Amino acid sequence: MTQKRTTIVLFSGDYDKAMAAYIIANGAAAYDHEVTIFHTFWGLNALRKNENIETDKGFLEKMFAKMMPRGAENMGLSKMHFAGVGPKLIKKVMKKHQALPLSELVDMAHDQDVKLVACTMTMDLLGLQEKELREEIDYAGVAAYLADAEDGNVNLFI
Amino acid sequence: MTQKRTTIVLFSGDYDKAMAAYIIANGAAAYDHEVTIFHTFWGLNALRKNENIETDKGFLEKMFAKMMPRGAENMGLSKMHFAGVGPKLIKKVMKKHQALPLSELVDMAHDQDVKLVACTMTMDLLGLQEKELREEIDYAGVAAYLADAEDGNVNLFI
Amino acid sequence: MTQKRTTIVLFSGDYDKAMAAYIIANGAAAYDHEVTIFHTFWGLNALRKNENIETDKGFLEKMFAKMMPRGAENMGLSKMHFAGVGPKLIKKVMKKHQALPLSELVDMAHDQDVKLVACTMTMDLLGLQEKELREEIDYAGVAAYLADAEDGNVNLFI
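Residue numbers (the working numbering), protein chains in the order written: chain A, -18 to 139; chain B, -18 to 139; chain C, -18 to 139.
It should be emphasised that the hints constitute simulated quantities derived from the structure, not laboratory data.
Not everything, but these chain C residues come out facing chain B in the computed CB check (under 8 angstroms):
no., residue
1, GLY(-6)
2, THR21
3, PHE22
4, TRP23
5, LEU41
6, MET48
7, VAL123
8, ALA124
A quick note: this is a predicted structure, and the numbers were derived from the prediction, not measured. Backbone N, C-alpha and C define an ideal beta-carbon position, used for all residues, glycine too.
With the hints as constraints, model all of the structure from the sequences given.
Here it is, written out as structure tokens:
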């Protein structure tokens, strides 16, 4: 039996979409797939550290960094965001139903050896530096993503 | 010749995205693919009944249910929604060009034996109950989705 | 060795999402994949010519055509659009980092023999005519897309 493989491009910076990505990734890992999540554009925010990291950046990069959410729990919803009420509401419901918040889904994925990759090209573009992202992740470009995806059974763009 | 298979995760609650999902699904079914549409998060609204269903829910679940569209024809557009003008406009154009409205695309998919699945985890989260969704659909979780997808030829997240 | 194949449904009319689509497509073409980008709904705007094309259309179709961006460089961002400031900002950053603008990514894809397809059904719906789109592209429907995708290694919906 050959190794099953799932790859996800996480482009979106929405809390709910990132949740869907990580739920599928954790499910696939539990069923013994090799799993890669390739974080690009706004999806990189799911890997950002919560705390403010001292960096040396140009003005444009500083502006982007300021406008983007710092870490999984600060991301907004794709629907019914309602100036921040939506995310609070959904987190309340999730807690009530004992669903894991996104930050813990990311931890779980890491513990299950899901390969968490940050797209270096869009890091450059958005001015994100390695020290701003969580530890123990990989850094790669589109070539590495394609190498994983071309043998993938399930390849999704989220 | 082995059976071809298409799976779609319908995450989006946008009318136009759901249309694209169902057009691809109906096309694939016409070409003898086994087809699964796994409705999760806002995509569940495409399966919601039009009429108000009497339910016994907590406050948060009631709020979500109230804010979400009831059924395919009440969903908004991903672009150019313009406070509801966009959906009316596109439906007018669709009628003129004799394109099927979403609700009929869902019926057609059902008639073509496309497997319509509601994600039980997100039903819980959004407080949706089985009696609020259309008849003759399946209920399952991410494991069932992955089992279909890992043999899929075409797997999409919409 | 069999021919590797990548297909992308480009549904989105967002500049950043279209960039991601074209970066993946160009990457895959560079690694000798046969690549198809099937442009449907708002994704068709990436193929639109910049200049105003004289056409004979009904009222509804004229309205749609007017509201939609003319060509790749006039598309908005999926996040942080900020009434048009976002796109200007990201193009500034892209220039600084010598990243190619979308219109040049489309040219590159064309030069690398990526098959650029316009979905005829949604062209009808949105009232777009062939003379409004760039030269040397293909016109097809969902059946042709599925024929490419069912042998695809990497199939994405963006």
